[in-house]
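Work out the full structure: start from the sequences and follow the hints.
These protein sequence lines are chains A and B, in that order.
Under the working numbering, the residue at position 75 of the first sequence is numbered 295, and the numbers go up by one with no gaps.
Under the working numbering, the residue at position 100 of the second sequence is numbered 115, and the numbers go up by one with no gaps.
Each hint should be verified, as a subset may be incorrect.
Subject to a maximum C-alpha distance of 16 angstroms in a straight line, what follows is the list of computed EDC-like cross-link-like pairs (lysine to aspartate or glutamate) [said to hold, decoys possible]:
1) B/144 x A/361
2) B/548 x A/468
3) A/675 x A/486
4) A/519 x A/621
5) B/280 x B/232
6) A/562 x A/619
7) B/548 x A/309
8) A/523 x A/495
9) A/519 x A/495
10) B/477 x B/440
11) B/548 x A/619
12) A/562 x A/495
Hint data in this document are derived by calculation from the structure and do not stem from the laboratory.
If you want the building blocks of each chain, they are given just below.
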Amino acid sequence: MIGRSLHDGRILSPDDCRALLRRVHALAEGGGDTAIRVSSWWHGELRWARNQIRTLSDRRDVRLTVIRTVRNGRDGAVTTNQLDDASLEAAVRAAERQSRMGAKIGRGVGFYPQFPHYEPFPNAAIWSDATFEAAALARAEVARRMIAHAEAQGMLSAGYLEVRAAMTATLGTEFPELRTGEHAFWEQPYVRWTQAQGSMTVRNAAGTGSGWAGLSSYDWRRLESASGALAERAVQKCVASQDPVALEPGRYTVILEPQAVADLMEPLIQSFNREPPEMGLTSPWRLAYDEALGLWRTKLGMKVVDERITISHDPADPDQGIVMHPLDLPEPVTWIERGVLKNLGHDWATEVEKLKGWHAVRGADAYRMSGGDTSLDEMIRTTRRGLLVTRFSNVAVLDGESLLSTGLTRDGLWLIENGQITKAVKNFRFTESPLFVLNHIEQLGEPVPVFRPTKREGDRLRPAIVPPVKARDFSFTSVIDAI
Amino acid sequence: MTISRRQLLKYGFKIGASAAALGALPRPLYVDLGDGGLEAVPPIESERIRELAFRAVEAARDAGAAYADVRLTHTRMRRITATGDIGDEEQVAVGVRALVAGRWGFASSPMWSRDEVARLGREAAYQAKSAAVGPAYEVVLADVPVVHDEHWTMPVEVDPFEVSPFEIADYLAALTNVVSRFPGHRSDVASANFYVQEKAFASSAGSYCTQRLYRTEGELSLAFEGVRRRLDALTPAGMGWELFAGQQLREEIRRLMDELEEDAKLPVKPVEVGRYEVVCDAISVATLLESTLGTATQLDRVLGFEANASGTSYFSDPLAMLGSHQVGVPALTLTANRNERGAAGTVRWDDEGVESEEFTLVRDGILADFQTTRESASWLAEYYRGTGRAVRSHGCAVAPSALEIPLQHVPNLRLAAGPDDLDFDSAIAGVKSGLAVRGLVVDVDFQGGAGLGRSGLVYEIKGGQRVARVVGAGFLFRSAELWKDVVALGGHGSVQRFGMMARKGEPAQATYHSVAAPPVVFGQFTVIDPTRKA
Numbered sequence: 221m222i223g224r225s226l227h228d229g230r231i232l233s234p235d236d237c238r239a240l241l242r243r244v245h246a247l248a249e250g251g252g253d254t255a256i257r258v259s260s261w262w263h264g265e266l267r268w269a270r271n272q273i274r275t276l277s278d279r280r281d282v283r284l285t286v287i288r289t290v291r292n293g294r295d296g297a298v299t300t301n302q303l304d305d306a307s308l309e310a311a312v313r314a315a316e317r318q319s320r321m322g323a324k325i326g327r328g329v330g331f332y333p334q335f336p337h338y339e340p341f342p343n344a345a346i347w348s349d350a351t352f353e354a355a356a357l358a359r360a361e362v363a364r365r366m367i368a369h370a371e372a373q374g375m376l377s378a379g380y381l382e383v384r385a386a387m388t389a390t391l392g393t394e395f396p397e398l399r400t401g402e403h404a405f406w407e408q409p410y411v412r413w414t415q416a417q418g419s420m421t422v423r424n425a426a427g428t429g430s431g432w433a434g435l436s437s438y439d440w441r442r443l444e445s446a447s448g449a450l451a452e453r454a455v456q457k458c459v460a461s462q463d464p465v466a467l468e469p470g471r472y473t474v475i476l477e478p479q480a481v482a483d484l485m486e487p488l489i490q491s492f493n494r495e496p497p498e499m500g501l502t503s504p505w506r507l508a509y510d511e512a513l514g515l516w517r518t519k520l521g522m523k524v525v526d527e528r529i530t531i532s533h534d535p536a537d538p539d540q541g542i543v544m545h546p547l548d549l550p551e552p553v554t555w556i557e558r559g560v561l562k563n564l565g566h567d568w569a570t571e572v573e574k575l576k577g578w579h580a581v582r583g584a585d586a587y588r589m590s591g592g593d594t595s596l597d598e599m600i601r602t603t604r605r606g607l608l609v610t611r612f613s614n615v616a617v618l619d620g621e622s623l624l625s626t627g628l629t630r631d632g633l634w635l636i637e638n639g640q641i642t643k644a645v646k647n648f649r650f651t652e653s654p655l656f657v658l659n660h661i662e663q664l665g666e667p668v669p670v671f672r673p674t675k676r677e678g679d680r681l682r683p684a685i686v687p688p689v690k691a692r693d694f695s696f697t698s699v700i701d702a703i
Numbered sequence: 016m017t018i019s020r021r022q023l024l025k026y027g028f029k030i031g032a033s034a035a036a037l038g039a040l041p042r043p044l045y046v047d048l049g050d051g052g053l054e055a056v057p058p059i060e061s062e063r064i065r066e067l068a069f070r071a072v073e074a075a076r077d078a079g080a081a082y083a084d085v086r087l088t089h090t091r092m093r094r095i096t097a098t099g100d101i102g103d104e105e106q107v108a109v110g111v112r113a114l115v116a117g118r119w120g121f122a123s124s125p126m127w128s129r130d131e132v133a134r135l136g137r138e139a140a141y142q143a144k145s146a147a148v149g150p151a152y153e154v155v156l157a158d159v160p161v162v163h164d165e166h167w168t169m170p171v172e173v174d175p176f177e178v179s180p181f182e183i184a185d186y187l188a189a190l191t192n193v194v195s196r197f198p199g200h201r202s203d204v205a206s207a208n209f210y211v212q213e214k215a216f217a218s219s220a221g222s223y224c225t226q227r228l229y230r231t232e233g234e235l236s237l238a239f240e241g242v243r244r245r246l247d248a249l250t251p252a253g254m255g256w257e258l259f260a261g262q263q264l265r266e267e268i269r270r271l272m273d274e275l276e277e278d279a280k281l282p283v284k285p286v287e288v289g290r291y292e293v294v295c296d297a298i299s300v301a302t303l304l305e306s307t308l309g310t311a312t313q314l315d316r317v318l319g320f321e322a323n324a325s326g327t328s329y330f331s332d333p334l335a336m337l338g339s340h341q342v343g344v345p346a347l348t349l350t351a352n353r354n355e356r357g358a359a360g361t362v363r364w365d366d367e368g369v370e371s372e373e374f375t376l377v378r379d380g381i382l383a384d385f386q387t388t389r390e391s392a393s394w395l396a397e398y399y400r401g402t403g404r405a406v407r408s409h410g411c412a413v414a415p416s417a418l419e420i421p422l423q424h425v426p427n428l429r430l431a432a433g434p435d436d437l438d439f440d441s442a443i444a445g446v447k448s449g450l451a452v453r454g455l456v457v458d459v460d461f462q463g464g465a466g467l468g469r470s471g472l473v474y475e476i477k478g479g480q481r482v483a484r485v486v487g488a489g490f491l492f493r494s495a496e497l498w499k500d501v502v503a504l505g506g507h508g509s510v511q512r513f514g515m516m517a518r519k520g521e522p523a524q525a526t527y528h529s530v531a532a533p534p535v536v537f538g539q540f541t542v543i544d545p546t547r548k549a
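Shown next as structure tokens:
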């Protein structure tokens with residue numbers, strides 16, 4: 221099954237990839253380093269709007285970058301999407317010419333230190349034959365069923381379904397004997413992955429109500445089986461959010477659904493990097509400059525959020541499969557453990573002494589945030605006055621130190637009074653920090669997979685598992701009319 | 016702005032030598048067009064590309080498409096930094112769009128060959144047929160004159176790919192040296208991006224046209240004692256190397272440095288929340304236009320076709336609003352085009368073979384039209400017929416390359432100047448008490464209806480003078496009120512044009528266009544401290 225799929229030309233198979241790398245490598249002239257990276261992707265897409273399927277598409281591309289470094293030259297990089305001998309030879313010649321033109325004394329072969337080589341994590345959940353085989357007809361059928369939910373309520377829906385597959389590989393990992401320098405930090409053995417994503421916006425004809433639901437996974441079957449529930453959720457949110465009333469801006473207790481938590485946490489998740497705070501750059505994890513030692517101290521080891529919060533990633537979890545890098549330790553990583561900052565991602569170049577080896581710690585590409593056992597209904601029932609938030613849009617960081625951010629609520633915001641949802645509320649602009657929210661938690665629910673697809677063609681997977689959160693004193697700063 | 020050979024020599028460019036250097040750089044693209052073997056990608060005017068194009072269209076027609084079109088693109092990109100890093104990328108792509116029973120199918124790939132284009136034609140029709148579940152749907156495409164085998168090359172003074180990349184790196188390094196010679200002044204690493212795309216378009220209506228389009232942009236930021244300015248003169252443009260060599264960039268940099276020193280002398284004070292008369296410089300106005308009227312007049316957004324992606328519009332009912340809805344002061348006239356020389360969104364034909372023309376979105380403060388494609392123009396047929404106009408597309412169908420399906424994207428926008436000879440400085444001189452802002456960055460909601468602007472350079476004005484630099488100001492606005500609150504528009508001499516990038520669609524596509532605007536004085540902005548919580 222896999223073999224047949226991989227040879228229909230939509231993405232490069234391991235054999236084709238290896239033959240290609242060999243072919244390109246043989247074209248190099250004049251010694252020096254040769255690095256080659258190849259990737260290819262295929263997308264099957266479906267867009268609908270106003271309850272009509274609008275477009276189905278089938279797209280693919282390939283990208284080969286050859287980097288040549290002749291002795292004492294600089295890196296010369298040329299990218300092409302044609303894989304015939306003539307194109308490839310021209311690419312190699314052009315890269316060699318660039319390399320020679322920028323020649324510098326003292327740089328050349330043997331530039332990289334010795335790296336360890338970890339075996340890729342076995343059995344990571346990143347490839348699904350079902351995703352690769354999801355034909356246009358199957359996508360259309362799922363869309364049709366999702367649209368039917370909106371039609372049944374007299375609502376208008378727009379949505380997007382996508383399946384994709386991609387691969388990437390480099391020369392040195394496929395053919396260690398052809399490697400001219402040492403194993404380089406960016407090398408990647410042949411790896412392929414799939415992704416399925418679906419999302420749906422439901423609006424009423426007057427445009428006074430809007431609901432949304434979405435899910436991404438490496439496996440199309442999960443999306444397919446969840447599609448009915450997703451459609452129903454989007455429709456219900458639209459129906460319940462119609463004709464909202466304006467509330468005064470201010471501080472509210474909020475119940476954030478998992479998607480809203482994921483949207484709000486994005487700047488925090490992106491911040492788990494060791495280099496900026498150690499270099500004294502703006503980061504929530506920079507503590508203070510230590511005059512005695514002459515270095516910047518970080519908040520590693522300090523309690524930074526509520527002790528109920530753990531943010532971690534386990535590559536063995538079937539909901540958290542990612543494309544791992546050979547310099548990444550193939551082990552789980554915990555960035556925040558019971559509220560304490562435990563790890564920050566760093567790349568191979570960060571000082572060896574501190575890290576005891578040439579390996580990288582992953583930043584939080586994919587993550588799981590720990591939760592609790594309070595159901596969403598229970599959270600609502602125990603709220604005297606508060607707001608229920610579906611998701612956030614346009615989240616932008618205002619201050620990199622505190623992660624104070626601004627953004628908008630979208631597709632469903634409701635007032636809760638005395639344990640009951642009482643009315644739909646107009647959207648707010650908020651001014652709040654994810655760190656503040658994680659220090660003002662009242663209740664946590666069960667973590668679930670959320671909508672967090674990769675965006676550009678050929679990008680790597682980034683799944684997230686996030687709980688609903690009830691927090692107090694969330695700051696809403698102005699009312700917006702947009703629905 | 017023509018560049019003579021002498022000027023180029025003055026800047027250190029030897030045209031002959033550059034062409035020779037280029038000749039020596041191999042090009043990494045060969046294709047098999049069926050003449051027995053590989054060959055370098057031929058010029059887009061080649062008869063064999065025309066044959067490929069129609070082969071794809073016929074394959075789609077044979078497979079049942081009521082309408083089909085194809086684009087073949089050959090794109091070349093080059094990025095160069097002042098430190099001498101050069102990135103070269105080249106790509107060919109072909110994409111076929113087929114309409115079957117009211118549904119679009121699209122298929123694309125990176126291979127130009129007879130077999131592949133025929134496969135894509137069939138695949139596009141198959142994709143469209145696969146959508147045929149549920150009720151039938153009628154797509155009406157507005158009429159467009161057939162284009163008979165025409166070619167257009169965007170006029171540029173100097174093809175940037177004819178200039179040696181190593182000379183360009185030296186030129187950029189020299190620009191940063193202008194800054195670093197002066198104590199206290201800093202600049203980031205200057206960089207330049209060049210882009211050329213050759214594109215062929217064929218449709219089942221018999222149109223065939225080819226184009227060669229350029230885009231050039233550069234980046235350089237200056238800083239002095241905590242005040243930063245970006246070199247606005249290098250935003251994306253439909254130009255060649257003359258974007259750099261045709262401007263007095265060194266003089267512009269020196270002028271900015273002088274202004275930075277002046278700004279640094281001003282006392283600094285934190286924002287005082289309140290309502291202020293505000294003078295916006297041209298790029299701030301261009302950004303405000305782009306995110307409000309430029310967003311809200313996209314007809315596909317208005318009707319919910321982008322609801323699950325970039326969003327909808329604060330204009331809710333196009334047929335009821337056209338010709339009567341007041342969106343701004345009577346002095347406000349906003350036109351759009353895709354044929355303005357030198358603009359980043361300029362083409363001769365759009366991605367549906369529609370020839371570009373200027374059209375008016377807002378006339379004398381009244382909503383007059385929307386941005387359209389062939390399909391969306393027909394949604395306004397009632398309005399156009401009622402006003403005695405032909406139902407025709409405004410030529411806003413765009414995709415970054417043939418790999419992506421064309422969507423309606425923002426065209427070049429142009430805000431008409433005011434009658435008085437007013438510029439940023441003289442506008443400030445006319446304000447008794449207020450603020451002035453440069454380089455506003457705008458975050459607008461998903462209907463283009465309300466937003467928050469921020470800037471690193473805000474001046475307090477007292478008695479027509481800049482008396483302080485205000486830090487931490489946020490400018491809150493509602494689009495429906497903003498353009499009704501225009502006190503004065505800058506004059507003709509103050510209009511500046513800036514290239515911008517916009518994203519929309521699923522999967523998201525990024526395309527470029529220009530926005531030209533004068534500085535504007537707004538009567539009342541709500542100024543807040545955006546970092547202050549409720």
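Evaluated hints:
1. B/144 x A/361: Satisfied, since the Cα-Cα distance of roughly 12 angstroms is no more than 16 angstroms.
2. B/548 x A/468: Holds, at about 14 angstroms.
3. A/675 x A/486: With Cα atoms ~14 angstroms apart, residue 675 of chain A and residue 486 of chain A stay inside 16 angstroms; holds.
4. A/519 x A/621: holds, 12 angstroms
5. B/280 x B/232: violated, 32 angstroms
6. A/562 x A/619: violated, 23 angstroms
7. B/548 x A/309: violated, 59 angstroms
8. A/523 x A/495: Cα-Cα ~20 angstroms, so violated.
9. A/519 x A/495: Holds, at roughly 13 angstroms.
10. B/477 x B/440: holds, 13 angstroms
11. B/548 x A/619: holds, 13 angstroms
12. A/562 x A/495: holds, 15 angstroms
Violation of the numbered hints given earlier is confined to hints 5, 6, 7 and 8; the remaining hints are satisfied by the structure.
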